[in-house]
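Student: Listed below are the residues making up each chain.
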Amino acid sequence: MLQDDGIAAVLTAPSRQTWMRLLSRAPLQMLEAYLADLAGAQPRWLRRPESGLVMVQGRIGGNGERFNLGEVTVTRCALRTDPERVRCEHVGVAYVLGRSARHAELAATADALLQDPLSRARLPTDLLTRIAEGLAERQAAQDEKARATRVEFFTAARESVGEPTEPPPS
Amino acid sequence: MNAATGGTPLDLNAVGPGFSDPPLASQAVFRAALNAFARPGRIQRVASDAPHPSGAAPAAAALLLALLDPDCTLWLAPRLAHGSAAAWLRFHTGCRIVSELREAQFLWSDADQMPPFEHLPAGSEFEPETAATCLVQVEALGDTPGWRLQGPGIERTQPLTVRGLDATFLAQWRANHAAFPRGIDLLLCAGECVAGLPRTTCIEG
Numbered sequence: 000m001l002q003d004d005g006i007a008a009v010l011t012a013p014s015r016q017t018w019m020r021l022l023s024r025a026p027l028q029m030l031e032a033y034l035a036d037l038a039g040a041q042p043r044w045l046r047r048p049e050s051g052l053v054m055v056q057g058r059i060g061g062n063g064e065r066f067n068l069g070e071v072t073v074t075r076c077a078l079r080t081d082p083e084r085v086r087c088e089h090v091g092v093a094y095v096l097g098r099s100a101r102h103a104e105l106a107a108t109a110d111a112l113l114q115d116p117l118s119r120a121r122l123p124t125d126l127l128t129r130i131a132e133g134l135a136e137r138q139a140a141q142d143e144k145a146r147a148t149r150v151e152f153f154t155a156a157r158e159s160v161g162e163p164t165e166p167p168p169s
Numbered sequence: 000m001n002a003a004t005g006g007t008p009l010d011l012n013a014v015g016p017g018f019s020d021p022p023l024a025s026q027a028v029f030r031a032a033l034n035a036f037a038r039p040g041r042i043q044r045v046a047s048d049a050p051h052p053s054g055a056a057p058a059a060a061a062l063l064l065a066l067l068d069p070d071c072t073l074w075l076a077p078r079l080a081h082g083s084a085a086a087w088l089r090f091h092t093g094c095r096i097v098s099e100l101r102e103a104q105f106l107w108s109d110a111d112q113m114p115p116f117e118h119l120p121a122g123s124e125f126e127p128e129t130a131a132t133c134l135v136q137v138e139a140l141g142d143t144p145g146w147r148l149q150g151p152g153i154e155r156t157q158p159l160t161v162r163g164l165d166a167t168f169l170a171q172w173r174a175n176h177a178a179f180p181r182g183i184d185l186l187l188c189a190g191e192c193v194a195g196l197p198r199t200t201c202i203e204g
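Those protein sequence lines, which keep their order, are chains L and Z.
Start counting the first sequence at 0; every next residue gets the next number (numbering that gives the first Met the number 0).
Start counting the second sequence at 0; every next residue gets the next number (numbering that gives the first Met the number 0).
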């Protein structure tokens, strides 16, 4: 998914969907490093972090029927930022895989700030870039590792294509 | 008719917070609702720390916040539907707001905008539990002698005074009571107080 968009597109005009995806997939340490002092001790919770199960649907091939693949744990929250730290009226929302309430809180904080053109300046300008690059690197490393175990299957192809058919034995 | 129906996206920036401790707070509110229906006409206090939306009686807002879930349908009277209450309930409970009265499992209305009882879902003889539960916001509730309530849950009679209800209310209620086992159930709300009127209760005015 990430490669399709390209990092360049992410950087020029990120949509809310784009940054919510990046924030939800970013490593927690990275968010912690960038956002810990902005997140504040007292966010105004609209919905405290809560974990639940979400049914993931899958599909084999492009035209197959959708089927229930299985349930994944998702943690979500919605908040307004601590007004004593940052003045921002927007509500930040986050849905992240796993059970990390802290990850959801930090991602929602960043979502709130990114929606407001004024408070966006409070975030490090390269936040999304760094996350996108980090994810791309991780994906590349994973691909590299998988490629090492690649197996080429040789099947005995029909050799009759284009050749005259043998006359049936008489 | 209603401003907010199921499919429209929510404007989260207009939504206020719900209970600060949802499990305990909704259990306390649920207990108040249980007592209200078990002891018809006896006034219960609904304690809630959830900031209620504009135009909402705190008791009614807290009751709906505790009772509704994504399987529930709610009909809002026009004044409440145009406020922030619909978005607030949809966000916190996931309930579905409907504009057709006959689809509603819950109704929320000020006393002066309450639709006639005969238009409300009253259940059927076989499924009386599908009748609507109505939260009606009245001006004031008191236990000074006014109405005399009788029926299950009341030992002799229970006094109740309600300010702000329509003059036709008693006649409508009599018809509702007579239709048992069909019929709607009412929760009368004023400020932080609530009094239950299940369909089994007989009111003498």
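Source of the hints: derived by calculation from the structure; they are not laboratory data.
Ideal placement from N, C-alpha and C gives every residue a C-beta, glycine not left out.
One or more of the hints may lead you astray.
[Said to hold, decoys possible] To give a feel for the contact side, a few chain L residues facing chain Z, derived at Cβ under 8 Å:
no., residue
1, Trp44
2, Leu45
3, Asp81
4, Val92
5, Gly97
[To be verified] Derived DEER-like restraints, expressed as beta-carbon distance ranges:
no., chain 1, residue 1, chain 2, residue 2, range
6, Z, Ala37, L, Met29, 50 to 56 Å
7, Z, Gly15, L, Thr72, 25 to 31 Å
8, L, Met54, Z, Glu138, 42 to 48 Å
[Claimed, not checked] Derived, one-sided and incomplete: chain L residues facing chain Z with beta-carbon distance under 8 Å:
no., residue
9, Gln41
10, Arg43
11, Gly61
12, Glu88
13, Val90
Student: Decide, hint by hint, whether the structure agrees.
Tutor: Results for each hint:
1. Trp44: 6 Å, holds
2. Leu45: 5 Å, holds
3. Asp81: Violated, about 14 Å.
4. Val92: Holds: closest Cβ of chain Z sits about 7 Å from Val92/L, inside 8 Å.
5. Gly97: 22 Å, violated
6. Ala37/Z - Met29/L: 50 to 56 Å: 55 Å, holds
7. Gly15/Z - Thr72/L: 25 to 31 Å: Since Gly15/Z and Thr72/L have Cβ atoms about 28 Å apart, the given range 25 to 31 Å holds.
8. Met54/L - Glu138/Z: 42 to 48 Å: 47 Å, holds
9. Gln41: 13 Å, violated
10. Arg43: 7 Å, holds
11. Gly61: 27 Å, violated
12. Glu88: 6 Å, holds
13. Val90: 4 Å, holds
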